[in-house]
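There are 2 protein chains.
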Amino acid sequence: MKHGGDIVSYQHLYHGPIIDFSSNINPLGYPEILSQVIANGLESLTAYPDIQYRALRQAIAKYLGCQPGEVIVGNGAVEIIDYFCKSYERIVVCIPCFSEYIERTYAHQKKTLKIPLPEDFILRVEVLKAQLNPGDVLMFGNPNNPTGLRIDKEELIRIQQFTEKQGAFLVLDEAFFEFCAEDYDSIRLFYGKENVCVIRAATKFFGLPGIRLGYAYAPPQIISHYNNSILPWRVNAIADLAGRVIFQEKEYIQETKQYVEQQRQFMLSQLRKIAGITVYPTDTNFILLKLWHATEDEIFERLIRQGLLIRKASSFEGLDNTYIRIAIKDQASNIKLIEALRNKNQITF
Amino acid sequence: MKHGGDIVSYQHLYHGPIIDFSSNINPLGYPEILSQVIANGLESLTAYPDIQYRALRQAIAKYLGCQPGEVIVGNGAVEIIDYFCKSYERIVVCIPCFSEYIERTYAHQKKTLKIPLPEDFILRVEVLKAQLNPGDVLMFGNPNNPTGLRIDKEELIRIQQFTEKQGAFLVLDEAFFEFCAEDYDSIRLFYGKENVCVIRAATKFFGLPGIRLGYAYAPPQIISHYNNSILPWRVNAIADLAGRVIFQEKEYIQETKQYVEQQRQFMLSQLRKIAGITVYPTDTNFILLKLWHATEDEIFERLIRQGLLIRKASSFEGLDNTYIRIAIKDQASNIKLIEALRNKNQITF
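In the order they appear, the protein sequences are chains A and B. The first sequence: position 33 = 31 (the numbering used here), numbered continuously. The second sequence: position 213 = 211 (the numbering used here), numbered continuously.
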């Protein structure tokens, strides 16, 4: 299981709708206005999307607080990740991390340096010392997947300064950015820096994994090389349309932030009462758990038979088969998962 | 102008809706049922598309008359074209051809051998002799873009036999397949051949350039390598949904074939009455024209100021600036273009 969200593969194990805790999507769904916008905008399917995505990049730039010329768009964040894996000779990652950093590097037969994170999964500039070469790309999730941890602002500044000094490029995968506390914004922090790209997406926060819309703030030399090297029209007309609308939905954005924060506190407090698991802190909408006396397979099998799909975490290099990752979902679903995990008759940790 | 369909770039030259003769899309639009299917299926945006596209490949396989395991899907035909350009050391093309065969090869820093077509633009196996090496990919449009010509069945069989003998791979880009006469089907012709891939798409015939859905019939070793090397979820949920519906629309398919055939005969007969242009024969829904006494720029400029966007063809390597390409559209639009071309006061050939 390389990725979450693969309900189709498990549907035969449960008769009824499966609740998907294996992919980390906004439990409130996408902005309501979008249904109407798409229904009214189907005419856009009859033409190629603007090959330069001008209106889309303008909408994203407004949302990010930068210029349209500083924005690139992709078929999900993964296409922009792929661009770096394809264009640079070596990608430096800190494991455990999102598996595609490594997969895409393999796919393009480039090198990967995998630096293990310490036991608390917190990335500090020290672990990078003596590891980064000129021309490397340092790529990590901020917050990181599957750990859920965001890098402290001052530490992130130190890391960027270090990459710059080393002549390395820094790619921040911030697909979960909006779920985090508003203590800093990496784009503001590194605006104008020539060695930083900040990737984000509509996928997680805007509840649109099906639409495939990723984007990034990037420096000029990346922008032009990216636009010259990728497939034309890879963001489809519906994604183009959606991207021109969703980022304006300020109420929805606020509501989601509050709801997820509330559920995060609820989940963390409830999970911490359950014996036999370590609950890692999280800055985002998913939680990494360590099982003391059970394997991921045992828990997975029992939960899927109750219609609850979780993420086994051993597919993340650097984690063994005693970790699982769960999404923070709507309250009713969260309660179901907590109860299933609590039920000692069914699950022994 | 690398591609047609870029209305956005020319909108400032004409106040009103521009008629797009520069991209070759079904003038009847997409199948009517699709609007309802999408409006009812927006829930699919809230989950990742099936990472294996099982239902989609099944629908395509049924349409093509092959097995789901023999089908690959891509973000438009261009993603499958890109796969070959990335995976093989040398791509052999016959110019003029669709520019992406060459562009994608450049993008991946692979080699291209460009064989010029003869004056009549008809590909014969003889021009390939002494040109193909083992391991090469021979890639061409069938029918070819921008010439509009489909290869004669017997000649195509000879070409496939030759590639097989040479140890080369044959990629047929059949994005315009359904517009052609039903005299043969390359998939039936080469079913089970290990060195043939036939690419098709929803883009042109099903009137859905905005949706980005390409697919191909391919042999087993390509299927597994393709699926292991490309981006996950690159066909979005709406395209996935559409692909499960449109190929069943038999009435729509028949209606389109008849309508385009009728308009093709009309356009050809009308164009041939206009002095100063050579009208090439076509097997599909677009026509290549050679201008005797004018350049593409002169004609383009005059037509765009009347709201008619045509395709300048010098961007196709192998053609100079005295060629234009026009789509066959709905009757009213076609008449407008014919009249504009006829009007000797405005345009001198």
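Read the hints as simulated data drawn from the structure, not as lab findings. Here the structure is a predicted model, which means the values were calculated and not measured. Where hints are given, some of them may not hold.
Any copy will do: because identical chains look the same in the list, a pair fits if it lies in one copy or spans two.
No farther apart than 25 Å at their CA atoms in a straight line, the calculated lysine-lysine pairs in the BS3-like style are these [to be verified]:
1. K109 to K60
2. K310 to K112
3. K0 to K248
4. K127 to K60
5. K271 to K127
6. K127 to K288
7. K84 to K108
8. K84 to K163
9. K271 to K248
10. K109 to K288
11. K334 to K288
12. K84 to K109
13. K248 to K84
14. K163 to K151
15. K84 to K60
16. K84 to K0
17. K248 to K127
18. K288 to K112
19. K334 to K271
20. K112 to K255
Failing hints, ascending? Structure breaks hints 1, 3, 4, 5, 6, 9, 10, 13, 15, 17 and 20.
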